[in-house]
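Enquirer: Below are the chains, spelled out letter by letter.
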Amino acid sequence: LAKTTQPISMDSYEGQEVNITCSHNNIATNDYITWYQQFPSQGPRFIIQGYKTKVTNEVASLFIPADRKSSTLSLPRVSLSDTAVYYCLVRTALIFGKGTTLSVSS
Amino acid sequence: DAGVIQSPRHEVTEMGQEVTLRCKPISGHNSLFWYRQTMMRGLELLIYFNNNVPIDDSGMPEDRFSAKMPNASFSTLKIQPSEPRDSAVYFCASSFTSAGGSYEQYFGPGTRLTVT
Chain F
974 LAKTTQPISM
984 DSYEGQEVNI
994 TCSHNNIATN
1004 DYITWYQQFP
1014 SQGPRFIIQG
1024 YKTKVTNEVA
1034 SLFIPADRKS
1044 STLSLPRVSL
1054 SDTAVYYCLV
1064 RTALIFGKGT
1074 TLSVSS
Chain Y
4 DAGVIQSPRH
14 EVTEMGQEVT
24 LRCKPISGHN
34 SLFWYRQTMM
44 RGLELLIYFN
54 NNVPIDDSGM
64 PEDRFSAKMP
74 NASFSTLKIQ
84 PSEPRDSAVY
94 FCASSFTSAG
104 GSYEQYFGPG
114 TRLTVT
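Residue numbers (this note's numbering), protein chains in the order written: chain F, 974 to 1079; chain Y, 4 to 119.
Calculated directly from the structure, the hints in this document are not laboratory data. Hints are not guaranteed to be accurate.
[As the list claims (entries may be wrong)] Derived DSSO-like pairs (lysine-lysine); straight-line CA-CA distance at most 30 Å: (1) Y:71 to F:1071; (2) F:976 to F:1025; (3) F:976 to F:1071; (4) Y:27 to Y:81; (5) Y:27 to F:1027; (6) Y:71 to Y:81; (7) F:1042 to F:1027; (8) Y:81 to F:976; (9) F:1025 to F:1042; (10) Y:71 to Y:27; (11) Y:81 to F:1071; (12) F:1027 to F:976; (13) F:976 to Y:71; (14) F:1042 to F:976; (15) F:1027 to F:1071.
Could you put the whole structure together from the sequences, leaning on the hints where they help?
Expert: Written out as structure tokens, the structure is:
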């Protein structure tokens, strides 16, 4: 199963762009990359998913290079409410792990 | 749709007692997942059902844990006997799965279990 590696924590300030990179060296040809967000005392919530190049929705952008061995979640102009844990998954692996704890300060 | 429903939301029990956690997935979803979350280990997959059949139970800690899905709208996770180290938040999630894999999972609010 393809395992992912991402930073344990990141700090940012309001209004900045935050980029969280995830590595998935053993990703399979048919795997999608999926990102979830989790707030305290809640279950994870789907943010974005992609296969290659760039995907953008109202919440975030996802950049995936041609070799697909990594991906970057980009959060534009973060606010205090974006403080959460962010998980990168390879869709078929179902391995959440500990994710990246993003702390946004004013 | 009301989303994934879990009950109870909180459970406090004594060591040795049986604990049953319940989950109602989103209607139309054919996959159901049970996860456990602790500070030490993060979010771990315990078991995964597809079309009511257990597909992967390799994450179930030991024989004290069992899960059932008697129909498409209900699943239980049972711990018997419970131990203090089972204290955690247990999440149920559901999704639609096709040949290409599972689509985004929708998580319930979780059950916070405390075993004293």
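Enquirer: Quick check: which numbered hints come out false for this structure?
Expert: Violated hint (a single one): 5; every other hint is consistent with the structure.
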